[in-house]
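Listed below, chain by chain, are the residues.
There are 4 protein chains.
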Amino acid sequence: MDLTGFVGLGRMGRPMASNLCRKGFRLVVHDIDPRAAAEVAALQARAAGNVAEVAAEAGIIVTMLPNSAVVDAVVAGPEGILAHARPGSLIMDMSTVDPLTTDRLAAEAARRGVAYVDAPVGRLASHADRGESLFMVGAEAADFARVRPLLEAMGTTIYHCGPVGAGTRTKLVNNYLAVTSCQLNAEALALSQRLGLDLERTLDVLYGTTAVNGQLKIAWPAKVLRGDVEPGFTIDLAHKDLSLIVEAANAARVPMPVAAAAREAFSAARASGFGGQDFSAMVDALCALAGIEKPRLKAPPDAA
Amino acid sequence: MDLTGFVGLGRMGRPMASNLCRKGFRLVVHDIDPRAAAEVAALQARAAGNVAEVAAEAGIIVTMLPNSAVVDAVVAGPEGILAHARPGSLIMDMSTVDPLTTDRLAAEAARRGVAYVDAPVGRLASHADRGESLFMVGAEAADFARVRPLLEAMGTTIYHCGPVGAGTRTKLVNNYLAVTSCQLNAEALALSQRLGLDLERTLDVLYGTTAVNGQLKIAWPAKVLRGDVEPGFTIDLAHKDLSLIVEAANAARVPMPVAAAAREAFSAARASGFGGQDFSAMVDALCALAGIEKPRLKAPPDAA
Amino acid sequence: MDLTGFVGLGRMGRPMASNLCRKGFRLVVHDIDPRAAAEVAALQARAAGNVAEVAAEAGIIVTMLPNSAVVDAVVAGPEGILAHARPGSLIMDMSTVDPLTTDRLAAEAARRGVAYVDAPVGRLASHADRGESLFMVGAEAADFARVRPLLEAMGTTIYHCGPVGAGTRTKLVNNYLAVTSCQLNAEALALSQRLGLDLERTLDVLYGTTAVNGQLKIAWPAKVLRGDVEPGFTIDLAHKDLSLIVEAANAARVPMPVAAAAREAFSAARASGFGGQDFSAMVDALCALAGIEKPRLKAPPDAA
Amino acid sequence: MDLTGFVGLGRMGRPMASNLCRKGFRLVVHDIDPRAAAEVAALQARAAGNVAEVAAEAGIIVTMLPNSAVVDAVVAGPEGILAHARPGSLIMDMSTVDPLTTDRLAAEAARRGVAYVDAPVGRLASHADRGESLFMVGAEAADFARVRPLLEAMGTTIYHCGPVGAGTRTKLVNNYLAVTSCQLNAEALALSQRLGLDLERTLDVLYGTTAVNGQLKIAWPAKVLRGDVEPGFTIDLAHKDLSLIVEAANAARVPMPVAAAAREAFSAARASGFGGQDFSAMVDALCALAGIEKPRLKAPPDAA
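Chains as they are written, first to last, in UniProt numbering: chain L, 1 to 304; chain A, 1 to 304; chain U, 1 to 304; chain E, 1 to 304.
There may be inaccurate statements among the hints.
Note: identical chains are not told apart, hence a pair may lie in one copy or across any two.
Dumping the calculated DSSO-like pairs for lysine-lysine here, alpha-carbon to alpha-carbon at most 30 Å [claimed, not checked]:
1) Lys240 x Lys217
2) Lys240 x Lys294
3) Lys298 x Lys240
These aren't lab readings, by the way, just hints derived from the structure by calculation.
Construct all of the structure, not just a fragment, from the sequences and the given hints.
Structure, rendered in structure tokens:
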């Protein structure tokens with residue numbers, strides 16, 4: 001079997017690469033932190049000395065990197081993947097980047113006879129650990145068929161959203177709703193607390209009407225409403241995603257006033273020291289600002 | 001059996017009063033529009049000449065009126081309910097009003113030996129027609145027991161949210177989430193359309209993550225996404241509720257920047273002529289502003 | 001000479017009434033706090049026992065009260081001015097209220113043969129002390145002529161803005177710009193501080209371009225930029241005015257997204273304990289939130 | 001005398017280069033549009049074939065380019081200025097870019113023994129035509145002395161704001177206030193129009209209080225309030241600057257909710273077709289949205 005390349009072994013990339021190894025894929029990996037690469041190499045992957053080596057050896061190269069600028073350098077830089085990739089190889093970028101970067105890199109790849117797929121990741125790091133991620137994929141049909149086995153090894157839910165670029169764009173729309181819902185919930189529950197309403201009764205009502213949202217129903221009762229603000233997804237990362245969204249919307253001439261207001265609320269939460277907490281802790285940030293008691297469910301989750 | 005009074009026979013009050021009649025309650029009713037009262041009277045209710053008559057004859061008086069000022073006048077005005085109510089009677093206000101009005105009227109009622117319950121209504125006018133409303137009730141336990149049979153005759157879901165005022169406050173929190181979700185969805189789908197994403201595929205993804213909300217999942221596919229903007233709940237009414245919410249939040253010293261941004265978005269939609277459409281048509285208003293094709297599901301709902 | 005009535009002897013009303021006394025007007029005054037009335041009475045005014053007495057004795061009755069609800073009660077309540085005013089008398093309301101209240105009270109006054117003038121006050125309490133206030137007057141020409149001598153005794157700048165209601169409306173527009181400029185300046189200077197710019201040099205530039213505004217140029221160098229946050233006009237009062245403005249704009253179907261965002265910023269400043277400081281301290285509130293050094297001019301004001 | 005290089009001969013660069021020629025500087029110029037270069041060459045400048053030639057020949061190279069990405073390519077690209085500049089030469093970037101780009105390029109220049117100055121331009125294109133621009137300069141003292149003669153040839157007002165990067169940062173702060181003032185004024189005058197106030201009288205009041213700002217007092221009476229929306233500075237460019245500002249603020253962890261709301265208002269104006277009009281036409285965009293008559297001064301400017 002052909003080697004699969006993997007560049008970027010951080011909090012998300014490491015478990016994803018590990019899952020590929022465990023499911024029998026042969027990997028050549030790289031990370032700027034050699035310890036991260038060594039850790040994955042312990043699972044029978046080969047640790048390459050640099051990106052060029054990965055590109056030269058692999059048929060499919062996966063990238064999982066922190067932002068657009070890094071993806072740009074790793075893919076299109078002078079010592080990057082495209083400069084060393086074999087014709088006919090395929091790059092699958094799974095980072096969250098701005099869609100114009102995706103479009104540009106895909107066009108550059110096409111000029112060099114390299115296929116390009118964008119497949120950003122949904123759900124949390126803990127899902128990646130368990131191989132239960134969700135992927136939003138932008139790819140031509142044939143390329144989607146090529147990457148499908150890898151995606152099935154790393155996650156449980158795979159959406160083919162359209163041609164190259166559609167994965168990244170879908171992720172922006174998805175994360176806009178998920179992240180902004182947190183600020184919505186923060187405002188609703190801070191108000192509810194201040195008005196003296198009982199949290200359990202109020203949630204009962206909200207869960208029974210169209211006021212409900214996935215964050216409030218699924219994510220929050222296991223996190224901030226129990227006092228757990230350990231990050232599944234930090235306020236800092238949510239702010240980064242909102243920034244990508246607001247920039248993409250402004251570039252595309254779509255006025256999004258609520259997105260912009262939400263972004264500044266995340267900026268305020270970061271500025272006052274909440275950046276490293278889970279993004280559900282937006283309600284704690286607002287309650288701290290306004291001197292309101294934090295909303296906490298009384299009973300433990302399993303004691304009901 | 002004691003007579004039940006009902007003041008306010010508009011789009012919501014009429015079907016609610018009718019359902020009470022049908023379930024065997026004996027009503028004495030009033031509306032400033034005599035035709036509305038006559039219509040309900042055809043169902044064996046007695047049409048009183050004025051509010052004072054209703055107050056003098058009934059043990060429980062229900063009010064279902066357009067705003068805080070009208071409720072204030074009908075309950076506490078010189079010819080209003082409190083001026084003519086029997087000691088021991090009970091007022092149940094089912095209008096959507098600001099909570100400080102509820103508190104003030106409840107205190108005034110208590111001074112005169114009259115019980116007070118706030119029980120605003122959730123769901124749409126079409127639910128009221130079928131006796132399927134949802135009620136958020138603020139009441140002392142004994143008063144809640146008194147009004148419960150009436151509520152059961154008019155709806156299917158009854159939440160006892162806490163003492164007097166808790167119903168109104170819960171409704172504000174609930175409607176904040178439901179109404180603002182519409183602006184969230186409007187921005188998300190306008191962006192999605194502009195980015196060239198396929199609507200069905202995008203909704204598939206959103207419905208499978210915590211990005212989902214009740215409006216997007218339950219309400220919209222049967223309304224705006226099918227091109228149906230006939231109002232279940234108008235943008236004008238949504239704007240009214242958001243205004244109550246923003247005012248209540250500012251009075252309570254809870255900063256709600258997303259609520260404020262959403263309210264101005266509803267104000268802009270009203271200003272550009274969308275006030276009479278269903279509140280899901282916020283996405284049409286945004287698409288019209290930005291020259292974006294409206295999002296519409298391709299297949300008819302039953303043809304899947 | 002006819003008696004002039006004055007109701008409301010708070011932080012603004014007291015010096016205004018005092019100036020009238022000093023300039024030779026004979027006053028009959030009232031305040032709910034008898035000590036306030038006694039203090040003015042020491043200047044040869046007569047302290048009446050209640051509003052009705054003031055109304056019955058005076059040809060012109062001035063009101064200077066904290067908000068719309070109090071003005072409503074004092075003017076139109078059962079023991080209020082209109083119930084006891086002589087035909088041909090004139091009410092001049094100098095409070096800051098919502099314009100629909102002004103319109104309603106003016107109409108009610110007209111029905112009873114009483115003239116009505118709205119003349120809200122610009123500038124600060126310290127200007128009122130020195131008889132240097134600015135007035136925005138809504139009045140018919142003849143009524144304007146009647147009140148002009150009083151206004152000239154209390155201030156130095158008098159604008160006849162149009163018919164009744166035009167004073168209140170002009171004040172809203174004026175205060176919108178003045179108050180929101182403070183949030184603009186707060187954001188600009190917080191950013192400037194964080195970016196490491198020199199305050200004096202930056203102000204030099206801003207004062208030389210169209211970026212300048214009256215708050216930044218005139219008000220701030222003598223207040224917050226010297227570390228003086230003693231209130232000339234508190235953040236709480238600025239928030240009250242912004243609330244009137246946002247409500248009036250929404251009632252008038254004028255979308256004002258920046259006004260709404262600014263109002264929530266004032267709400268946040270209040271919530272975090274800055275409500276009693278001068279409204280120029282909005283920049284201190286933002287710097288405190290974001291951990292930025294407060295902008296302060298180095299040299300004392302007179303050492304230049 | 002040494003040759004001066006000039007790269008970027010658009011709407012701003014052309015008159016600036018022309019003024020340098022007229023004042024006796026010997027220029028070597030380049031633009032991607034050869035006609036623009038030819039036009040300046042007619043003034044005795046030499047039109048170079050590419051950027052490299054300009055860099056190789058000139059002691060000081062001025063850049064006046066549309067955005068950060070273009071400046072980055074022209075300065076640091078493989079065929080850019082730094083690759084061909086002589087040691088001891090100086091780059092003065094007069095474009096409006098994000099400050100992190102300035103910092104990065106200045107550091108890169110320093111590594112190659114090239115001095116770097118940022119000197120973005122204030123005021124309008126018509127000022128540049130007349131050599132009346134304003135410059136905000138970030139430079140070491142010695143470098144400032146080197147560029148000063150050029151700046152004096154192109155403008156009338158020169159601010160030395162601090163070390164490299166301080167010019168760009170000051171321009172962001174300055175333009176934040178100027179551009180956002182336009183949205184403030186738009187909201188204030190739209191509200192004023194809707195409330196039926198007389199424009200002249202209202203401006204009289206505003207000009208006499210701290211509500212005034214430079215746009216309203218200086219810029220608007222000659223532009224939009226006379227019906228002149230020919231761009232001195234377009235809504236599109238104002239939107240670009242606001243975008244730089246909002247991004248810089250978010251990168252610097254300074255919450256700026258009013259900036260964010262204003263940016264979306266400019267985005268909405270662009271989306272509805274006003275992007276090419278003068279930025280004072282924000283009030284026309286808002287009035288068009290809300291069905292309000294545009295504010296126009298009655299008398300011609302010289303007929304007073």
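Consistency of the hints with the structure:
no. : hint            : result
1   : Lys240 x Lys217 : both (24 Å within a copy, 27 Å between copies)
2   : Lys240 x Lys294 : both (25 Å within a copy, 27 Å between copies)
3   : Lys298 x Lys240 : neither (33 Å within a copy, 34 Å between copies)
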